[in-house]
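Produce the entire structure from the sequences given, and follow the hints as far as they go.
Protein chains in written order, with my numbering: chain A, 1 to 348; chain B, 349 to 695.
These are computed hints drawn from the structure, not numbers from a lab. These numbers were taken from a predicted model, which means no experiment stands behind them. Wrong hints could be hidden among the right ones.
[Unchecked claim] These stretches of chain A come out as covered by chain B in the derived footprint (C-beta under 8 Å, 3 or more residues):
#1 94–102
#2 117–124
#3 127–139
#4 148–156
#5 308–318
#6 330–338
Idealized CB from N, CA, C, for every residue including glycine.
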Amino acid sequence: MSIATSTLRGLYEQMLLIRVFETEAERQYKAARIGGYCHLSSGQEAATVGSTHALDPGDLLVTGYRCHGFALARGVPADAVMAELFGRVDGCAHGRGGSMHLLDVSRGYYGGWGIVAGQLPIATGLALGLVRQGRAQAVLCELGDGAVNMGAWHESLNLAAVWRLPVVFLVMNNEYGMGTSVERASAVTDLYRRAASYDLPAERVDGDDLLAVAQASATLLAGAREERRAAVLELVTYRHRGHSVADAGLAYRTRGEIDEHIQRDPIFRVRALLAQEGVSDDELDGLMGAAEEQVAAAVAASVASPPPAVSTLATGMYAPGSAAQFAGMLPGAPFGERELVFAGGLGE
Amino acid sequence: MSTTQAPPQRAEPVDRPGFETMTYREALRLAMREEMLRDERVFVMGEEVGVFDGAYKVTAGLLGEFGSDRVRDTPISEEGFVGAGVGAAMLGERPIVEIMTINFLLVAMDQVVNHAAKIGAMFGGEVRCPLVIRTPNGAGNQLTAQHSQSFEGWFAGTPGLKVLAPATPADAKGLLKAAIRDDDPVLVVENLAIYKERGEVPLDPDFITPIGLAAVAREGTDVTLIAHSYATVRALHVAERLERTHGISAEVVDLRSLRPLDVETVAASVAKTSRAVCIEEGWPTYGVSAELAARIQYVCFDDLDAPVERVGMAEVPLPYAKELENAALPNEQRIQAAVLATLGRAA
Numbered sequence: 001m002s003i004a005t006s007t008l009r010g011l012y013e014q015m016l017l018i019r020v021f022e023t024e025a026e027r028q029y030k031a032a033r034i035g036g037y038c039h040l041s042s043g044q045e046a047a048t049v050g051s052t053h054a055l056d057p058g059d060l061l062v063t064g065y066r067c068h069g070f071a072l073a074r075g076v077p078a079d080a081v082m083a084e085l086f087g088r089v090d091g092c093a094h095g096r097g098g099s100m101h102l103l104d105v106s107r108g109y110y111g112g113w114g115i116v117a118g119q120l121p122i123a124t125g126l127a128l129g130l131v132r133q134g135r136a137q138a139v140l141c142e143l144g145d146g147a148v149n150m151g152a153w154h155e156s157l158n159l160a161a162v163w164r165l166p167v168v169f170l171v172m173n174n175e176y177g178m179g180t181s182v183e184r185a186s187a188v189t190d191l192y193r194r195a196a197s198y199d200l201p202a203e204r205v206d207g208d209d210l211l212a213v214a215q216a217s218a219t220l221l222a223g224a225r226e227e228r229r230a231a232v233l234e235l236v237t238y239r240h241r242g243h244s245v246a247d248a249g250l251a252y253r254t255r256g257e258i259d260e261h262i263q264r265d266p267i268f269r270v271r272a273l274l275a276q277e278g279v280s281d282d283e284l285d286g287l288m289g290a291a292e293e294q295v296a297a298a299v300a301a302s303v304a305s306p307p308p309a310v311s312t313l314a315t316g317m318y319a320p321g322s323a324a325q326f327a328g329m330l331p332g333a334p335f336g337e338r339e340l341v342f343a344g345g346l347g348e
Numbered sequence: 349m350s351t352t353q354a355p356p357q358r359a360e361p362v363d364r365p366g367f368e369t370m371t372y373r374e375a376l377r378l379a380m381r382e383e384m385l386r387d388e389r390v391f392v393m394g395e396e397v398g399v400f401d402g403a404y405k406v407t408a409g410l411l412g413e414f415g416s417d418r419v420r421d422t423p424i425s426e427e428g429f430v431g432a433g434v435g436a437a438m439l440g441e442r443p444i445v446e447i448m449t450i451n452f453l454l455v456a457m458d459q460v461v462n463h464a465a466k467i468g469a470m471f472g473g474e475v476r477c478p479l480v481i482r483t484p485n486g487a488g489n490q491l492t493a494q495h496s497q498s499f500e501g502w503f504a505g506t507p508g509l510k511v512l513a514p515a516t517p518a519d520a521k522g523l524l525k526a527a528i529r530d531d532d533p534v535l536v537v538e539n540l541a542i543y544k545e546r547g548e549v550p551l552d553p554d555f556i557t558p559i560g561l562a563a564v565a566r567e568g569t570d571v572t573l574i575a576h577s578y579a580t581v582r583a584l585h586v587a588e589r590l591e592r593t594h595g596i597s598a599e600v601v602d603l604r605s606l607r608p609l610d611v612e613t614v615a616a617s618v619a620k621t622s623r624a625v626c627i628e629e630g631w632p633t634y635g636v637s638a639e640l641a642a643r644i645q646y647v648c649f650d651d652l653d654a655p656v657e658r659v660g661m662a663e664v665p666l667p668y669a670k671e672l673e674n675a676a677l678p679n680e681q682r683i684q685a686a687v688l689a690t691l692g693r694a695a
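Below you can see the structure in the form of structure tokens.
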């Protein structure tokens, strides 16, 4: 795939931003400024950035919970992503979602979802919505290699095929579903081959090859947009860190295996491409510095952003106008419910 | 009713202007039809809703009028198509998803509870999910353990959902329309036995039953019977019989809405009668009646002259044999016995 050097440079900047962001998120997690689960995607940058690059502005994106990179690649400001991890009001979900539930509807990003494969039926529904609204756009639905053994995978692929829905299922095969390898979990380890059950086109690509990912994603997304043809794209990649920050990642794989992947870091591969195109080492180093500055600024903005007020505990749970519907529920409500839930103007 | 046909053999009650007597099933269909005519975004999907005319014929005729884009037959994939409804709703569509019976909704529990219910709060109010799921509960036709359940209490216990359970044709229309127009995920629990019940239904296309308001279905002074769905029909029969046979004046509160729950109306009635019997089709333990009893004892502590009584399905997987099934149902004999016990009266 031929690609303008300026475009490649932009994608490289995104990859750097994700790597620096994830590294900083781990540091902040260990400093107890980020709580909950924190699933990092270091090592998966080429797959993340290459596939997201193939999206049109009007296309939609849905992901699982390893979603920091996708949010950043889709253009969600690092400030809003980091603030969400910090649980602050300026987070993209206003401190309600955290690491696993990023979103930005203005950029067509309909969420990071935390139940394995739960986002697949929703992605088919978003695609149905696009069709009903006469929009020739596509949905890109990210999932992990573990999700293909859920019933929702089967139901969603079948529905997408029989209803001809414009959705591309992007399997991020990083070789392990938590600590269980694909070999131990799946009877057919070439996961893309399962698409044959639904007569859907499918491809398997080296997920650490940015340009190959971008090209395959563009082809399948175009088929979805133009011919309403659902598809499966399997990207073979590797996560450098554990399943989450709490997992050292060594119980189920060796140090040697991890190091081998780090030697083949997808970021190095793109850097080499840019060097071939004549971009100087100084300039490439400068891009790294810029990413570091951006992430440092995101941390500063997150520290400065206030936590959500307790009076807003129930904000957003129900649509505006719902408070009147719930007024009759106050008498006999559990202790404290009036102050915690109703006082905030449930749905107002 | 056509005027060109021969006059009916027996006298039919004449409907008031603006009303028509119809079945609960027809009232639901009218609600969907009116809303589909009013709003292009409204569409129906589910198993057998189109070509088959609906497993219980609620959607009969809609495919012919609106076409297969708006009346969509689905494969047998509840998790898949409930989730598809969630996604379409997030994009601003107004899906009505029919689940053949509430028993099968458990297959889609993850989409309802872990996904639809979470969207508003978990995403900080950035996106909404105006999804309607319609499904009947109920027992009584020897459908046995897997097809005779009433799980509405499970869903009503989930913040983020709204759960409605109409007991009359008018409320079937009014509440389903309110659900379709609502911006949140709403579960409308219908009932197999009420589908054929008839009642007067307003024809005004803008008539809706407000969400969160219980109705006093029958006024009385001696005891309050609180119910929803088919249990309301049973309670009304018992109340009428007790008036005739025992001179007891029973008030019946029809909850109509389980979440939000109109405790105000319940409490006002119990404050008047000082006695409460909570009735439901499902199992009472951890059920709707348990929730009611807890709230009534708190709000009406000084008003009560007797412990709050409860009647529900006997706590067993429902057996097949007719004699056993009858014994397990919250039937009118059991409700009547509970009311008399609450009043300290002999059967």
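How the hints compare with the structure:
1. Against chain B, the segment 94–102 of chain A contributes 5 residues with a C-beta closer than 8 Å to a partner C-beta. That satisfies the three-residue criterion, and the hint holds.
2. Note: the segment 117–124 of chain A has 6 residues with beta-carbon separation from chain B under 8 Å; the three-residue rule is met and the coverage holds.
3. Here's how the segment 127–139 of chain A fares: 6 of its residues keep a CB closer than 8 Å to some CB of chain B, so the rule of at least three is met and the hint holds.
4. Coverage of the segment 148–156 of chain A by chain B holds in this model, with 4 residues showing a Cβ closer than 8 Å to a Cβ of that chain against a need of three.
5. Counting residues of the segment 308–318 of chain A whose C-beta sits closer than 8 Å to any C-beta of chain B gives 5, which meets the bar of three, so the coverage hint holds.
6. Given as covered by chain B, the segment 330–338 of chain A passes the check, having 4 residues with a CB less than 8 Å from a CB of that chain where 3 are the minimum.
Every hint from the earlier list agrees with this structure, and none is contradicted.
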